[in-house]
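Chains as they are written, first to last, in the working numbering: chain A, 1 to 388; chain B, 1001 to 1290.
Mixed in with the good hints, there may be bad ones.
One side only, chain B facing chain A, incomplete, derived with CB under 8 angstroms [as the list claims (entries may be wrong)]:
no.	residue
1	1001
2	1012
3	1084
4	1089
5	1117
6	1128
7	1137
8	1259
Okay, derived cross-link-like pairs now, DSSO-like style, lysine-lysine, Cα gap no bigger than 27 angstroms in a straight line [said to hold, decoys possible]:
no.	chain 1	residue 1	chain 2	residue 2
9	B	1165	A	51
10	A	299	B	1115
11	A	307	A	329
12	A	307	A	149
13	B	1115	A	84
14	A	329	A	31
15	A	292	A	338
16	A	293	A	259
17	A	149	A	139
18	A	214	A	186
19	A	259	B	1165
20	A	70	A	377
21	B	1115	A	307
22	A	293	A	186
23	A	293	A	51
To be clear, the hints were calculated from the coordinates, so they are not data collected in a lab. We put the CB at the ideal spot given by N, CA and C, even for glycine.
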Amino acid sequence: MKTKATLKIALAAGAMSLGLAHGALAQNTVKIGSVLSVTGPSSFLGEPEDKTLRLYVDKINAAGGVAGKKIELVIYDDGGDANKARTFATRLIEDDKVIAMVGGTTTGTTMAMVPVFEDAKVPFISLAGAIEVIDPVRKFVFKTPHTDKMACEKIFEDLKRRNLTKIGMISGTDGFGASMRAQCLKVAPTYGMQIVSDETYGPRDSDMTAQLTKIKNTAGVQAVVNPGFGQGPAIVTRNYAQLGMNNIPFYQSHGVASKSFIELAGAAAEGVRLPAAALLVGDKLPESDPQKKVVTEYKQTYESATKQPVSTFGGHAYDGLFILVEAMKRANSTDSQKIRDEIEKTKGFVGTGGIVNMSATDHLGLDLSAFRMLEIKNGDWSLVASGS
Amino acid sequence: MAEFLQFLISGLTVGAVYALVALGFTLIYNASGVVNFAQGEFVMLGGMVTVFASALGVPLPLAALVAIVVAMVIGLLLHRLAIEPARGASAVTLIIITIGASILLRGLAAIVFDKQFHKLPAFTGDTPVDLLGAAIQPQSFWVLGGAAVVVLALYVFLEHTLLGKAVLATAANRLAARLVGINTTTIMALAFGGSAAIGAIAGILVTPITLTSYDVGTLLALKGFAAAMLGGMGNPVGAVVGGLLLGLLEAFGAGYLSSTYKDAFAFLVILIVLFAAPQGLFGRRVVERV
Chain A
1 MKTKATLKIA
11 LAAGAMSLGL
21 AHGALAQNTV
31 KIGSVLSVTG
41 PSSFLGEPED
51 KTLRLYVDKI
61 NAAGGVAGKK
71 IELVIYDDGG
81 DANKARTFAT
91 RLIEDDKVIA
101 MVGGTTTGTT
111 MAMVPVFEDA
121 KVPFISLAGA
131 IEVIDPVRKF
141 VFKTPHTDKM
151 ACEKIFEDLK
161 RRNLTKIGMI
171 SGTDGFGASM
181 RAQCLKVAPT
191 YGMQIVSDET
201 YGPRDSDMTA
211 QLTKIKNTAG
221 VQAVVNPGFG
231 QGPAIVTRNY
241 AQLGMNNIPF
251 YQSHGVASKS
261 FIELAGAAAE
271 GVRLPAAALL
281 VGDKLPESDP
291 QKKVVTEYKQ
301 TYESATKQPV
311 STFGGHAYDG
321 LFILVEAMKR
331 ANSTDSQKIR
341 DEIEKTKGFV
351 GTGGIVNMSA
361 TDHLGLDLSA
371 FRMLEIKNGD
381 WSLVASGS
Chain B
1001 MAEFLQFLIS
1011 GLTVGAVYAL
1021 VALGFTLIYN
1031 ASGVVNFAQG
1041 EFVMLGGMVT
1051 VFASALGVPL
1061 PLAALVAIVV
1071 AMVIGLLLHR
1081 LAIEPARGAS
1091 AVTLIIITIG
1101 ASILLRGLAA
1111 IVFDKQFHKL
1121 PAFTGDTPVD
1131 LLGAAIQPQS
1141 FWVLGGAAVV
1151 VLALYVFLEH
1161 TLLGKAVLAT
1171 AANRLAARLV
1181 GINTTTIMAL
1191 AFGGSAAIGA
1201 IAGILVTPIT
1211 LTSYDVGTLL
1221 ALKGFAAAML
1231 GGMGNPVGAV
1241 VGGLLLGLLE
1251 AFGAGYLSST
1261 YKDAFAFLVI
1271 LIVLFAAPQG
1281 LFGRRVVERV
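Using the sequences provided together with the hints, build the complete structure.
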């Protein structure tokens, strides 16, 4: 009995000292919130984002923090569930009282959280891909990843240069594939593209030869575009080679811009082109490239700390965090409203995703130069020189 | 003609995998009355263990064998630790247990292996075979041939061995089987081990074509279940026919109709069949037996 009582007192004392320490700390810290899909189906996106944020917040704090204040990072894992994301967003605002948020792994979770941050007037830098996040522009919502519309435009730009105008499309029916397909159909007329065949496949399908046979037998197809994500595009690429369609130029999307795609698709991936962020080809960029320094440094830091290959998704979190930190420095304040205004004024920020120039009408701030057109050669990426 | 043949072979290849999964369902259902929703996880284990074993330098045939053994051990453990202790429970409870087991296995696979997709090299190269204008991967023949061997082996086992007949007797009437001296617990364990092995073989055969990851089992279990229902739950012939039919429906649906409604089309046909014959295509024999 006695030991129990002693334990209780010790615990109480401990709790009190913790509370005190917390109170004292609060003066010199600012809280940044984050809701990420660290587990669940989108974990391959959320995990590198989570690691990147933790890694760089520690680095920033070790270097003295932002404007003399240490950053306290509050991360919640929504498991890819939009309902949970919204609950956590409310908790960040009401309980943790964060001054800003960098997070929202998927478009689904981001859109569920947008109203919470808009109502609370707290800046929210999203890591989700779809254009809906920033179009129409919402006052407090920003994002760092390229949009699927830009990927379509980049592909069409390349096709136009090669004088190919009749294309076949084979798209995944998952959120990513469906959204990009819609965007491609929308911008196709602007580039004079004619979509002569439009096929789809389920995200878990294991054989796409039926759809590809249809495209192959459609008269006049000059190139094929495959908006998709995960293992689907790898299977499409393998089936493409199986059916002997290699004489028709084949384009993948930025959704497969990772080394594992080349591994999975194997020899079939030779000659495939895709738009991707500079991060992927950091070592191949010319020294004069403004992004060279940022992307090689991030790649090195991330890979040595996590022992895992770098991905563009972690890069989006890096960009989001530093856009916010720079804005906080310029605002020299922890007031959410002032920070928001400064984020919107971000100009010439060199991130892993591109050079960011935001404005009141553009809360993404990237142009087509953020994407590089790559071609897979000898099992590795190579930059497609403009004009070839 | 070339187009038709392309769709046919695609459909048969995918269908053969569905058939093997459906066969796994059938074996366990017959022995225990349980619909084992962890069946897809055995397929995943077959692929994943082979991938990781061969990454460690184990030659492919040996890695495949290791994968089958691992899947069988897990199948037996599933029976011993989860199904057997709850043997008095209703079928619905047991089904829920298997769903829980599938979630557990998937989670463990995500931790033990990783969340990436993996591939295996095709057993006999990647050069497509040209068959009357249709390009066919050599691996497709492995899948079809492998499935045929498994089906044949299972048939011989069930019809021509004493142990196999004991399985059939347990399926027909468990109480009567016990009364004539058949140890039904052993038979059930055998069914779990056997269907785990069949699932693993399916996983190994198909991974070079479809790739694998820790969560491929869910959809395969669903498709395999649909195939088993289409053929008539509990009938091995029905499972094979149902699986092949489902694969063909998907391929021809995507090829000749619309790829967007491919799955809807396949399931619509299943619904119509089940409306017309609620027991499935080959279900009647089971009714007579029970």
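Hints, verified against the model:
1. 1001: violated, 12 angstroms
2. 1012: Because about 11 angstroms separates residue 1012 of chain B from the closest Cβ in chain A, which is outside the 8 angstroms limit, the hint is violated.
3. 1084: violated, 31 angstroms
4. 1089: At 30 angstroms from the nearest chain A Cβ, residue 1089 of chain B fails the 8 angstroms test, so the hint is violated.
5. 1117: holds, 4 angstroms
6. 1128: Holds, about 5 angstroms.
7. 1137: holds, 6 angstroms
8. 1259: Because about 5 angstroms separates residue 1259 of chain B from the closest Cβ in chain A, which is inside the 8 angstroms limit, the hint holds.
9. B:1165 / A:51: Judged against 27 angstroms, a Cα distance of about 56 angstroms means the pair is violated.
10. A:299 / B:1115: Satisfied, since the Cα-Cα distance of roughly 21 angstroms is no more than 27 angstroms.
11. A:307 / A:329: violated, 31 angstroms
12. A:307 / A:149: violated, 33 angstroms
13. B:1115 / A:84: This hinted pair holds, its Cα atoms lying about 22 angstroms apart.
14. A:329 / A:31: holds, 15 angstroms
15. A:292 / A:338: violated, 31 angstroms
16. A:293 / A:259: Holds, at roughly 21 angstroms.
17. A:149 / A:139: holds, 22 angstroms
18. A:214 / A:186: OK: residue 214 of chain A and residue 186 of chain A at ~23 angstroms, within 27 angstroms.
19. A:259 / B:1165: Violated. Residue 259 of chain A to residue 1165 of chain B sits at ~51 angstroms, over the 27 angstroms cutoff.
20. A:70 / A:377: violated, 46 angstroms
21. B:1115 / A:307: holds, 16 angstroms
22. A:293 / A:186: At roughly 36 angstroms apart (the allowed maximum being 27 angstroms), residue 186 of chain A and residue 293 of chain A break the hint.
23. A:293 / A:51: Roughly 21 angstroms separates the two Cα atoms, so the pair holds.
Hint check: violations occur at hints 1, 2, 3, 4, 9, 11, 12, 15, 19, 20, 22; the rest are consistent with the structure.
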